[in-house]
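Chains as they are written, first to last, in our numbering: chain F, 1 to 348; chain H, 1 to 348; chain W, 1 to 348; chain V, 1 to 348.
In short, the hints are calculated from the structure, not lab data.
There's no promise every hint is true.
If chains are identical, the list can't say which one is meant, so a pair holds when it fits in one copy or spans any two.
[Claimed, not checked] In silico SDA-like pairs for lysine to any residue, Cα to Cα no more than 25 Å straight-line:
(1) 272 with 262
(2) 261 with 196
(3) 198 with 217
(4) 174 with 217
(5) 116 with 131
(6) 340 with 124
(7) 261 with 79
Number of protein chains: 4
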Amino acid sequence: MLGAIAGDREIGALLDDGADIAAILEFERALSAGQAAAGIVPQSAARDIARACDRYTPDLPAIGRAMMRDGVAVPELLRQLRAGLSESSARHLHRGATSQDAIDTSMAMRMRDATKLLLARMQAAAGELTRLERRLGASALASRTRLKVALPGLAADRIARWRRMLESRALEAKKRPGGWLALQYGGPAGRPARSDRKRQALAADLARRLGLPMAGADWQTDRGRVADFAGWLSDLTGAFGKIGQDIALMAQNGIDEIVLKDAGGSSAMPHKRNPARAEILVALARYNATLLSAIHHGLVHEFERSGAAWTLEWLVLPNMCLTAGAATRIGGELIGSIEKIGDGAGRK
Amino acid sequence: MLGAIAGDREIGALLDDGADIAAILEFERALSAGQAAAGIVPQSAARDIARACDRYTPDLPAIGRAMMRDGVAVPELLRQLRAGLSESSARHLHRGATSQDAIDTSMAMRMRDATKLLLARMQAAAGELTRLERRLGASALASRTRLKVALPGLAADRIARWRRMLESRALEAKKRPGGWLALQYGGPAGRPARSDRKRQALAADLARRLGLPMAGADWQTDRGRVADFAGWLSDLTGAFGKIGQDIALMAQNGIDEIVLKDAGGSSAMPHKRNPARAEILVALARYNATLLSAIHHGLVHEFERSGAAWTLEWLVLPNMCLTAGAATRIGGELIGSIEKIGDGAGRK
Amino acid sequence: MLGAIAGDREIGALLDDGADIAAILEFERALSAGQAAAGIVPQSAARDIARACDRYTPDLPAIGRAMMRDGVAVPELLRQLRAGLSESSARHLHRGATSQDAIDTSMAMRMRDATKLLLARMQAAAGELTRLERRLGASALASRTRLKVALPGLAADRIARWRRMLESRALEAKKRPGGWLALQYGGPAGRPARSDRKRQALAADLARRLGLPMAGADWQTDRGRVADFAGWLSDLTGAFGKIGQDIALMAQNGIDEIVLKDAGGSSAMPHKRNPARAEILVALARYNATLLSAIHHGLVHEFERSGAAWTLEWLVLPNMCLTAGAATRIGGELIGSIEKIGDGAGRK
Amino acid sequence: MLGAIAGDREIGALLDDGADIAAILEFERALSAGQAAAGIVPQSAARDIARACDRYTPDLPAIGRAMMRDGVAVPELLRQLRAGLSESSARHLHRGATSQDAIDTSMAMRMRDATKLLLARMQAAAGELTRLERRLGASALASRTRLKVALPGLAADRIARWRRMLESRALEAKKRPGGWLALQYGGPAGRPARSDRKRQALAADLARRLGLPMAGADWQTDRGRVADFAGWLSDLTGAFGKIGQDIALMAQNGIDEIVLKDAGGSSAMPHKRNPARAEILVALARYNATLLSAIHHGLVHEFERSGAAWTLEWLVLPNMCLTAGAATRIGGELIGSIEKIGDGAGRK
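Kindly generate the complete structure, drawing on both the sequences and the hints.
And the structure:
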């Protein structure tokens, strides 16, 4: 039932085990293809690996058990994948890579795709606000500061403020067509930026194949990108939270500055119309504002890989993305449900 | 796959939609039974209601849709339940109650049951630590302050500190056999404590039927109980986090103060044994430490019911309980996997 | 200027360097007095130590420099104190204790005193609400759920809910006359509970002398007490935040359910009356709700003393106490400024 | 004493009342100068205002009292300033502006200046790491993942990772020479972006005069810029936290991979050398990671100005900036204190 208010089917589909495994397989396939193109791995091995990835059906319970023991899914996943490969091809799988490369890159690809969905929804909501501004913007609507009436104004003023918040967040996403995160390809112990020209070329090729930005060096222990992306997720959820807070307040009896179609009911007072979506947006904003903190705690990353800090990211980042998804979905519905706005909108 | 490290089957079963609906039905059944015993509701209506509850199969998609519209599941759930009742009985269902009464009481019952599970696991882990203290406590183990060796000591000293942390948290739970939360029975707009002797008697009877503590007044807008319970959940997860942090540090090459059986592997270095469970405990502790903040934001509860603050609780409290569940489960496994402890334990 | 809204003179005086040093000296004095009474330390040394403590004037810049180097103030403070003692007395100063004993005990004493102030203010505010309930409680005031008018009611209903929140938090403090924290007396590497009967007797004597609760064992690495106390601070700040949020909303033009004397002005619209105190209470509540999270991160305490986790407490706990102080102070003023309440209170 | 570890004199000087008032006066002066240049305000009035600003000595106690009543300092500050102006000049002071314009712009100027200091320190620390890499980089230093030895490597690898973290954060600051925040000039109720060409020209002139970026529209209620800046502050504090965590762990007895000069002492064990600065960096990182959450809660900003959300920013943003200041200061000292690094550095 909570899924209805805090979940998101489309974003959720990018975050489940199937999508994660598919993206890891795409990484492994692209890695050996790139290595074959560079003459590091035989073409036949790369073909075998691609075929094995296509045919692979994960034994999820075994991966779950291994997850508990190893802290990561990749060693067991590779073990299963290798079972479908000849010995000579098997040793070329995951070559020069480590679990973190596969897992971070899978996250990067899926977060990029989630960002596209979020961007499209924000743009749709901003478009709807533009139409609303045209349609209803001329209604009188006093500005309120510190919750008190400040000056006479128009509905268009408040609507434009809402729209600009969505536009500025959308702009940030448009600047990053490959997403906030980047290819991860550091190998077992990470590599400094300048270490190895060949490896850099391979990484550039891999980034192109996967449609991901290329980082100057691996970011295995520098989680600033994750923090930035999480900040954007919380920032956009906060923008919808502000819109929701305004609308919930505008719907108050006595204020009556907005009329929503399809406002919700109560078990004890069936006549009462509650601005449920508006309040849910506030809750989602506060949820992501809280979760962001954990991502920043994850910056304190011991040595060349912190199991603790990295696991904390896994617990939080998908949740934040889903919450942003719910905010864009419900925010779009709420904006679409505005029937009247401005002073006297709700007066009988 | 994340479920393997952050989930908990037993606790999870108390938190799903089925368990929530079952507890809401138990509330409605007990409410009309109590009202019938008090002569407020006809015995036949109470019997009809009990039967309808027994037979009821929720239409979950319809509840999901209503959730989005109303912000709560109960109005639609009651609508479905009333469809199986005669008109004369239907008007006695949910009498004098509001959605929040049913939902908060359902949460209270399930959190009480989750607490019992957590308590049992903490006691088991403390027992295991007692045995460990006896078995391995005599090994030399220097104390470390600020990560530096401080004074000579025994493994028993550190093990006893771990045990006492679990015992003190367990003691808090034992003091509250009915759990931290209480019966909620405030009605549509809440009732001051002294308002109504009859209602108080009814509430006392209802609390007895449901095995819940009785609050001095309704706590619809005073979420201090929720904050206290969430604090305990984070506190116990933090205790396991401290144990996990110690063990992960003790397992470092060069420190080598602990040997764990079944430590995990790496995709690139199969010989390496990682203290995965220990690190997961740290991540779980930091997750709950972060989430707790959202529960306290929920204390700022507008008027007689805040949709925003209440929804925020729903997003967070079950997560916190699940995370505490994972910590007790994984903590128990980790403690059970200690083979050697003390200076030189891991030296070849 | 921020001090005016977020500070508190009385609580602040318990948190400054002078108060900290005075409490540390009280600990050292009581420690050697107790040890002298137990025959462990010569009476003359205890008298010398008491006299040196009385006469001691701290060289604060030197302590500041040492703080940076050592991470704690106590080693340098003791060095300065020893300079005023004969060599034979000097070696009995701080005997069997470690920096953390002195620092945690100082914090415990000052937090106990702060709690007394907070309690007195909460009781005064609750008393004022009782008077308000009598004086203005009969005004009509509809309840509002999800910000919408729910049912007719009286001002007394809402006022009583506010009062009960303060009373329940006050009750928690009254249950703990010596405060949440306890004497810390673990020595350099901490001591398990059962280790040493003599030391336990000494600790009990020390707790009596200092007016502090006695913990079952040292709590050097188990920061659950700190977490519990911080939870209470946030919980009470949250209670005032809820009252502030309600009042700020009641003061909205169009709602007009409350009249405050001495509401604030605006630089651009001098006629506008802003419910500044009410909004400040909301900000303080959200500040403490956020800070609490850091205290719970501090539960992950490495080994027998974590400099990182302990320093984090120092950065946060005094702030939380000060914020709770500001909330009780401003909350009292706000409640005292209510002139009218209830439907139509603010209608011209 | 806490100031020694969590404070920063240079950054602190930008955050105190004097600096705030000076920046507000600079805003008022530039505003009337710009308005005079545009022919909106008489040149003589602008000159009078500039002179009054030069001569003005704030009555801080009166501002403190007004702060409590009005929630902001500006109305009282302007009242005091107007007392030194002729009536004809006085009405041109603060023309077309509101308190928030002055306060946010003051914050923007001071945060820009703080950013310059932080940037210079990060660059100095990165430079020191470059020198360290050259000087000590050839020492053997095994990489560690999940706290366990992974692969052989060089000290240069770890040092380079530290350096790159600082460089990437510095780069973000270099991209924004005027800082993250922007001129605020929205007037009493804010203005939509396209409303008024004349006002836009005035704003552009004002931004030039004050050396601040120009936002597309006022950002009175869209606090995304504040959130982005706070994210950067936490991100850089986190980078130093990671360095501190690594160094504290490297200094462990048994690991012994680093030697620091001037490591701190203990009250009970004078021979013990504690990596106090390293641990303080971890605490500062976790403090800012926590505080960031409050800034994101401030995104939920009611209507055209939220006293609650705005006050929350004031409580948190200066603290975050000071904490980042302490991290850059202490981080620089810690890096400068590294004497040996790499495997065996600390072995006797």
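Broken hints, numbered, in rising order?
-> 2
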